[in-house]
Amino acid sequence: MDLRQIKTFVVVAEELHFGRAAARLQIAQPAVTAQIQALERQLGVPLLIRSTRRVQLTEAGMIFNSRCIDILRDIDRTCLATQAVAGKDLHQITIGTIYPATFGVLPNFVSRINQRFPEARIHIHNGNTVGIVREIERGNINLGFIRPVENIGSLRWQSIHREKYLLAIARENPLSSKSTVTPDDLRKQKIIAFSRAYNSQTDDNFPEEFKKYDLNQQVVYSCNDTQAMLAMITAGIGVGFVPEWVKSIPGQNFELREVEGLERHIGLGLAWSVDDPTVNRDSIIELCRTLIGSEVDWPR
1 MDLRQIKTFV
11 VVAEELHFGR
21 AAARLQIAQP
31 AVTAQIQALE
41 RQLGVPLLIR
51 STRRVQLTEA
61 GMIFNSRCID
71 ILRDIDRTCL
81 ATQAVAGKDL
91 HQITIGTIYP
101 ATFGVLPNFV
111 SRINQRFPEA
121 RIHIHNGNTV
131 GIVREIERGN
141 INLGFIRPVE
151 NIGSLRWQSI
161 HREKYLLAIA
171 RENPLSSKST
181 VTPDDLRKQK
191 IIAFSRAYNS
201 QTDDNFPEEF
211 KKYDLNQQVV
221 YSCNDTQAML
231 AMITAGIGVG
241 FVPEWVKSIP
251 GQNFELREVE
261 GLERHIGLGL
271 AWSVDDPTVN
281 RDSIIELCRT
291 LIGSEVDWPR
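According to the UniProt record's numbering, the stretch in the sequence shown is residues 1 to 300, in order.
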């Protein structure tokens, strides 16, 4: 069994079609078939179910494919680690980002990466905090701009910015005409609150604040996404607290107000794995440090 056969099998498993796999690998289809058959002979089990209409992975094939992907990823990491130790320049980096960072720190950071590593290919992966952390742990993302997480295992997170939560109000709502909003004003409103699998410390604190001002009865809706909350607010369903990055959303049909006595912030930071040789080098760490405490200019 050699590396070429493993790579061929992974491509066939992705395509589930020998012709498309051959085209991706830029080799003849009979060569692809021969390599798969050689693997099956060496393992003594069928990896694929072939028919005239489709190709499927057997149960053994699914296990083998998963392990092959891990093997190829480990080989890539080994190469990167070797190159990093030798001081070789960075050639590729994948940056995960939640929506707020796309408008704030990300463009500045990408510009600095380009200046330091002009030959590097940069891929931006949009997602949420939970998904980006998972991909960092799997080695698919090198750096992630996400909400606060704990430093567990190889995962590291560094705070770089804090932004305010503001009350979002539909423009048709009479409350939007007020320059100052108080907790008493909210007792006449239906409140939409966050409820999601991953809550920031700020999200967890809001119920305490609602209880403090006797507003729990006003919380009648919940959602797990800022964009979804804004859609409900602009439809006139209720009001809700959102991070200030929403100022960057074009064509907005809502107003943002501070609420007296209800001042909450949410963090934004950079996450990485200390096991990742691509980012665990002085040049990248130093670039990350330049973002700490920097002001984020949210577009208006």
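The reader is advised that the hints may include incorrect statements.
[As the list claims (entries may be wrong)] Pairwise CB distance ranges, derived in the manner of DEER restraints: (1) Thr58 / Asn126: 29 to 39 Å; (2) Gly44 / His91: 19 to 29 Å; (3) Pro107 / Ala28: 15 to 25 Å; (4) Gln29 / Arg289: 15 to 25 Å; (5) Ala34 / Ile75: 15 to 25 Å; (6) Ala235 / Ala28: 55 to 65 Å; (7) Leu43 / Arg20: 45 to 55 Å; (8) Ile122 / Gly19: 26 to 36 Å.
[Claimed, not checked] Simulated pairs of lysine-lysine, DSS-like, Cα-Cα distance not exceeding 30 Å: (9) Lys212 / Lys188; (10) Lys247 / Lys178; (11) Lys164 / Lys188; (12) Lys178 / Lys211; (13) Lys211 / Lys164; (14) Lys211 / Lys188; (15) Lys190 / Lys212; (16) Lys178 / Lys188; (17) Lys247 / Lys211; (18) Lys178 / Lys164; (19) Lys178 / Lys212; (20) Lys247 / Lys188; (21) Lys211 / Lys190; (22) Lys164 / Lys212.
Treat the hints as calculated values from the structure; they're not laboratory data.
Treat the numbers as computed from the prediction; the structure is a model and nothing was measured.
The beta-carbon is built from N, C-alpha and C at its ideal position, and this holds for glycine as well.
Hint-by-hint comparison with the structure:
1. Thr58 / Asn126: 29 to 39 Å: The hint (29 to 39 Å, Cβ to Cβ) holds, given that Thr58 and Asn126 are roughly 35 Å apart.
2. Gly44 / His91: 19 to 29 Å: Given a distance of about 39 Å, which is not inside 19 to 29 Å, the answer is violated.
3. Pro107 / Ala28: 15 to 25 Å: violated (45 Å)
4. Gln29 / Arg289: 15 to 25 Å: violated (51 Å)
5. Ala34 / Ile75: 15 to 25 Å: holds (23 Å)
6. Ala235 / Ala28: 55 to 65 Å: holds (57 Å)
7. Leu43 / Arg20: 45 to 55 Å: Once the Cβ atoms are compared, 23 Å apart, the range 45 to 55 Å for Arg20 and Leu43 is violated.
8. Ile122 / Gly19: 26 to 36 Å: With Cβ atoms ~33 Å apart, the hint holds.
9. Lys212 / Lys188: holds (16 Å)
10. Lys247 / Lys178: Judged against 30 Å, a Cα distance of about 18 Å means the pair holds.
11. Lys164 / Lys188: holds (23 Å)
12. Lys178 / Lys211: Holds: Lys178 and Lys211 sit about 24 Å apart, inside 30 Å.
13. Lys211 / Lys164: With a Cα-Cα distance of about 20 Å, the restraint between Lys211 and Lys164 holds, given a limit of 30 Å.
14. Lys211 / Lys188: Holds, at roughly 15 Å.
15. Lys190 / Lys212: Since the Cα atoms of Lys190 and Lys212 sit roughly 17 Å apart, the hinted pair holds (cutoff 30 Å).
16. Lys178 / Lys188: This hinted pair holds, its Cα atoms lying about 14 Å apart.
17. Lys247 / Lys211: holds (28 Å)
18. Lys178 / Lys164: holds (19 Å)
19. Lys178 / Lys212: holds (23 Å)
20. Lys247 / Lys188: holds (25 Å)
21. Lys211 / Lys190: Given pair Lys211, Lys190 holds - Cα atoms ~15 Å apart, limit 30 Å.
22. Lys164 / Lys212: Within the cut-off at roughly 19 Å; holds.
Checked against the numbered hints given earlier, the structure breaks hints 2, 3, 4 and 7 and satisfies all the rest.
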